[in-house]
Structure formats: C-alpha cells, structure tokens
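Listed here are the chains, written in short residue letters.
Protein chains: 2
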Amino acid sequence: MIKTKSLSEAFREAEFRVGEHSKRNVQVLKEAFKDVSGNIESDFYGRGKVIDDFQDQMMKYLGKESAIFFPSGTMAQQIALRIWCDEKKVKKVAYHPLCHLELHEEDGLKKLHHIESILLADKDQLITLADVQTIQEDIACLVLELPQSGIGGQLPDYTELQAISAYCREKGIKLHLDGARLFEILPYYEKTAAEVCSLFDSVYISFYKGIGGIAGAVLAGTKAFTSESKIWKRRYGGDLISLYPYVISSDYYFKLRINKMAQYYEEAKELAKLYNQCPGVKTIPENPVSNMFHVHMNLPEKELEPILVRIYETTGIAFTSYLQQNGSSCSYETNTGDNYAELPKEKLRAAFSQLEKEISKIAL
Amino acid sequence: MIKTKSLSEAFREAEFRVGEHSKRNVQVLKEAFKDVSGNIESDFYGRGKVIDDFQDQMMKYLGKESAIFFPSGTMAQQIALRIWCDEKKVKKVAYHPLCHLELHEEDGLKKLHHIESILLADKDQLITLADVQTIQEDIACLVLELPQSGIGGQLPDYTELQAISAYCREKGIKLHLDGARLFEILPYYEKTAAEVCSLFDSVYISFYKGIGGIAGAVLAGTKAFTSESKIWKRRYGGDLISLYPYVISSDYYFKLRINKMAQYYEEAKELAKLYNQCPGVKTIPENPVSNMFHVHMNLPEKELEPILVRIYETTGIAFTSYLQQNGSSCSYETNTGDNYAELPKEKLRAAFSQLEKEISKIAL
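Residue numbers (my numbering), protein chains in the order written: chain Z, 879 to 1242; chain X, 879 to 1242.
No lab work stands behind these hints: they were computed from the structure. Check before you lean on any hint, since a few could be wrong.
Copies of the same chain are indistinguishable here, so a pair counts whether it falls within one copy or spans any two.
In silico DSSO-like pairs for lysine-lysine, Cα to Cα no more than 27 angstroms straight-line [claimed, not checked]: (1) LYS901 x LYS927; (2) LYS1133 x LYS966; (3) LYS1101 x LYS1049; (4) LYS1239 x LYS966; (5) LYS1223 x LYS901; (6) LYS927 x LYS883; (7) LYS989 x LYS1147; (8) LYS1001 x LYS1147; (9) LYS1133 x LYS1069; (10) LYS1108 x LYS901; (11) LYS966 x LYS1225.
Here the structure is a predicted model, which means the values were calculated and not measured.
All chains should be modelled from the sequences, with the hints used to inform the complete structure.
This is the structure we're talking about:
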C-alpha cells in the first residue's frame, strides 16, 4: 500500500505557499545584513547607536515618550504588566481567554510574578466595553490584543476602542496594547500607529509577523515606564550584550514592508472571498480587517487532508501546513504576505476550483 | 588650554589592543555567516536541526545528558537555581559575593523567584571547602564560578574542587557551575570539560567570552533538569521563534577558537610577567590560570591616566579602556585573545618599557 503524503510534507514540497513572506531560513538574515557595514559597532547591553537609533524610530512611530527593544514579546508584556501591578499595588490584570499570556507562556505571569488574571469575554468573542464594565474587582491593567489573533484577527470598532480607553482612564486601569500585529490593522482603522497607541498606556509590537523579521519586540510608553522596564529586562536576562542581529534585521524588514500593509490587507480580503465562494467553507472574520484570518471547513481532518494534499500536488499551490479539527470540521490560520503577490493567479484559481469541486463531491 | 585625551578615547583610537579578539562589530556576524547557506532553515521555538545539532555537540562536549541553548547566562542560571530550589523545596542558595547573580542582574533571583542567597567567602578570596562547611542553614544549591572573574580569574586547586563536590553530594546540595569561562581554564587544570562538569549537577557556559561569539549560552544537566529548564525558558520569553543568529555564530566561533585556549593561557602568563616586571604593578593572580587577570597599579587615576594615554599615543599599544580606582591605586581586568598574537612584539616591549619608566619617575 502506498502511504499518502502528509499535509505538512505536501506543504513543504509545494512550489507556492499562499501565506507568509519567504521561508524562515538563514537567507532572511543574510538579506538584512548584505548592505550593512561590518564596521558598525555592536550595541552593548542595551546601549549604542545601533539600538538607540531604532528605539528612537519606534518611539516616534508609536508616538510614545520612549521605546525599548526586547528579545521577545513574552518578556516585554509580562514586564509591562508587572510594572503596572507594582505601581498600583494590585496583582491582578484582565485579558482575553485566548491571550498569548494565558495560552503560550507556560503561566510565566503567574509563576514569575504571582499576578492573577481575569478572563474577559467568551473565547470566540471580542472584549467589549460591557465586558470591561462587569469587572467587580480592582485590576491594575487591561490587555487588548489588536487584532485578536486567536479568533481570526477580529477588531472592535474604533469607537468601541475609544470608549474602553476612556473607561479605563476614568477607573484608573492601565490599558496595555498587545500590538503583535499592530502594523497590519492600520489600513483598516485608517489611523496612524501613534493615533491607536494614544489610547493605550503601554504598547508592545513585534517584528516577525507582518514585518517578517527574525525575532524581536519593542515595548513603549512613558520614560518612567520604559526605565523601569529596562531594569526588568536585565532581571530577565534579556539585556543581552548584543541584540543587533535582531535590531538590524527588524529595522531592515520594517523599512521594507511597513508600507505594504495596505496591500496585504487588500489581498487578504481577496483571498477570503475565494474561500467564502467554496461550499462548506467560511472565513472568520468574513471580511478580514488585517492580513490574517481563520479558514473553517465543514469536513473532518481525515477527509479534508487528502483533498488538500491532492490540490498541492496538482496545482503547486499550498494553503496550509496543518489542520485543527473541531468536532466534525477543521480550521487553520492564514495570512497574506509577500508570497501572495508572487502566486500565479491561474494556479490559484485552479486550486480553489479543485477545492470547490472536491468538497462538493463529499460535503453536499 | 588643550584638553588631554581621555583614556577611553585614546584606547578607541590606538592601533593595537592588547586584549580581546577583534572589535565587537557587525563583522563578527558577517564572518560567522559568510559560508552558511541561506537555505538552512531557522530553528522554530527551540526546535529544528540548527539548534538540535549545536545542543547535541555541547551536550557531548560537557559530558552531560542534555544541553539547551539560551539567549543569556543570566536567564540560564536563574532558571537552574529555581529548578534546584523547587526540587528541594528550599528557597536558599549560596554563592560568592562577586557572583554575577549578586552583582549584575538587578536582583532578578530575589525579585522573580524570592530565592535568598548566602554569600560565601570574603570578596577577595575563593570559596573553600571550609567556607562551604560553615553553612548552617539548609541550602538547595551552591554556585561556583570557575574561574572567579571578579578576583582576576582565580581557581581553586582541582583537589579542593573535588572535595567541595563530594561534600555537596553527601549533604544533598546541588552544585552548579558558572562556567562563563570554562573553556579558558581547561589548559591549566589539564582536564576535559566533561571531567570538570562531572563534579557539577548543572553547568552554564557562554559563547561571547573566550569563544568571542555574538551572545548566547548553554545550560546542561540531566534530561529531567533541562526539560524543566525549557519550560522556564518559555516563561522567561527566552524561547524565541529564532535563536539561529546566536546559535550559528556560537558554533562558528566555538570551532574557530576552542583549540586556542592553551595558546591564550600561555600568552596570559607571558603578559602578566611583563606587567609584574614594572615597579608598583602587580597582577592578580600573579600567574594567570586562564586567559584573564587583573592588573593593579600603585597610582591614583589622575596620575595613571595621562601616563597610559601617552603610551597609547606613542606606541599604538592600548592596555585598557578604563581604570577602577581603589584608594590610591587603580586596577583593571585584561585578557588575551586573538589580538595578542597580532601585536608587534617590539611595540609591546616599548609600551612596557615606557610604562616602567613613567611609573618609576612618579611612584618611587
């Protein structure tokens, strides 16, 4: 019996990938450094021109008093919450049930800081002002992730966001932005980063999602806040002797892609439409508000996987490397990056046409 | 009045530096990556061939069951101590007063883990077995730094080290090695890294001291220990999506320099002799046991600095970029790396001869 190729194998071997930028390989570093002079001095434990210049650039872009480069968002966000909890002497914060802090950090916030979290909103819904108003206990900080990636990258209306911000200020609750994908939502909101960030007391941004860098994050806020964050960065062992491999590559890819976010957003809407035309397929959100969304297909994994493998092999177009089964249906996250514009459109159409045909045979 | 050049300016402008390898600049990264294929896949949150292979190499080199790559030693060591404290349910450890954990981490161990520390030995002395035997309280772990860099890089006799290890095992105290400069002491001990590490339950090593990489560390021990350390690495935000900029450069410089440690050690002894021939100058230790030592000169900074600046300007040879004044004398740390072999020996002799002459005029 011939073993069928697995989805991840077929994905790996396919000529074209619908999402992402390029592959995550050493070329990403090589490209970022190819025109950088070897004489540029390393940063030195958080100091030096190379890190100062990039931090200044991000500080201005975010419209904050100060910005500090971190190895990771996990580190930056835990530190932000710790600072707000210490300031208010309240070890409690609130965030979404699918928040990175809750799902992907092995309970670092609790284990390292003994900070309790209140989970706001149902896990398939956005946090609303009404949710925030239900909080009975005293909390130091509310975290909002824009877009909420765990539910396909949904966004509240901007007026709702303004209302939550005003409410938090009135109640003495610090508002922290998980802006891992902040750049990606600006075309939808039609706001500058600084305008969005003005609603928040502290902001984290990432350089390896829409920007497509190697790794790295920035935490921004008042000077007092970031000064305190630098002490914690040292405590965490994040104040490396040299962060320039991440700083310089973040700078390179920021400049390369920051003005392409509107293009990615338009492409995401186009791609979501292609999915939504297929029977038994829907995207969440139906109309993307950034470069990302979730795809839900009404088929169990054992039926869907061979269909996708055949599509990848026939057309060379690969949609996803994995499927997550929920009951009798499957879902996956997708996005649009530099790869999307490179796709031969007739092959993309052929892939969707085959998807529609194969699903119709089974599902309907 | 013409302003005299500062020591750091003169150091920066001098043609030759006595210590270190090359300058800490982007060239260090470029050299490490010049022959690395762009097709090599990034590690992905601590997994993948690029990180697995290097961890395996270090595991074997250190003779431990398992080794995990970390962004920094600060992170790796705090985590090691936390694991040992949790295992024994005793939140107390012992280490030297000049330990990195005590001096350079903004009290991370206390602030993040509430672990108390007992400071062993006078700060200008090594920790002895007798010191360890004086500990009355129950402790989870003893940290030994080999060599003790804060006092010029001194080392206990190997038999003393064995005795401390045996005592700790008998008493149920875990022994952790701060091996930031482990590679550098192996020629003096005439032992393999695995032999030294066999005396310890957990070991941290660094890749940007004698090895001269960009940044990065490895923590090694039993599989159970390193599995737990990976969870903590995630909690700390050290489990980056891509650590390959540090992994690949650490691997490159490890291979380049691991067999040069004996050379650096011999050169350090030669350099220390040159210093010790000068009146009012002594090195600690008098005979280095690694590639590092401290230089003490019996002159206050305001008299010594202009002498050094003149030497740098006349000979092109620069000894140090800074001076630390202690009472009426000064000291600094120095070491031997790739730079030392490149020094024109007649210029080095001229520099020391000028040092001797100028100090003699004032000090005697």
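Quick rundown of the hints versus the structure:
1. In this assembly of identical chains, LYS901 and LYS927 lie within 27 angstroms of each other by CA distance solely across copies; the values are 15 angstroms between and 30 angstroms within a copy.
2. In the homo-oligomer, the alpha carbons of LYS1133 and LYS966 never lie at most 27 angstroms apart, since the shortest distance is 38 angstroms inside one protomer and 51 angstroms across protomers.
3. In the homo-oligomer, the alpha carbons of LYS1101 and LYS1049 lie at most 27 angstroms apart inside one protomer (23 angstroms), although the nearest pairing across protomers, at 48 angstroms, exceeds that limit.
4. Within a single copy, LYS1239 and LYS966 get their C-alpha atoms no closer than 60 angstroms, and across copies no closer than 61 angstroms, so neither meets the 27 angstroms cut-off.
5. In this homomeric assembly, LYS1223 and LYS901 come within 27 angstroms of each other (Cα to Cα) only inside a single copy, at 20 angstroms, whereas the closest approach across copies is 50 angstroms.
6. Taking the shortest Cα distances, LYS927 and LYS883 sit within 27 angstroms of each other only across copies (22 angstroms), while inside one copy they are farther apart (50 angstroms).
7. Taking the shortest Cα distances, LYS989 and LYS1147 never come within 27 angstroms of each other, neither inside one copy (40 angstroms) nor across copies (47 angstroms).
8. Taking the shortest Cα distances, LYS1001 and LYS1147 sit within 27 angstroms of each other inside one copy (24 angstroms), while across copies they are farther apart (65 angstroms).
9. Proximity of LYS1133 to LYS1069 under the C-alpha cut-off of 27 angstroms is restricted to the intra-copy arrangement: shortest distance 19 angstroms within a copy versus 50 angstroms between copies.
10. Only between protomers do LYS1108 and LYS901 lie at most 27 angstroms apart by alpha-carbon distance; the minimum there is 25 angstroms, versus 33 angstroms within a single protomer.
11. In this homomeric assembly, LYS966 and LYS1225 never come within 27 angstroms of each other (Cα to Cα): the closest approach is 57 angstroms inside a single copy and 61 angstroms across copies.
Taken one by one, the earlier hints fail for this structure at numbers 2, 4, 7 and 11, listed in ascending order.
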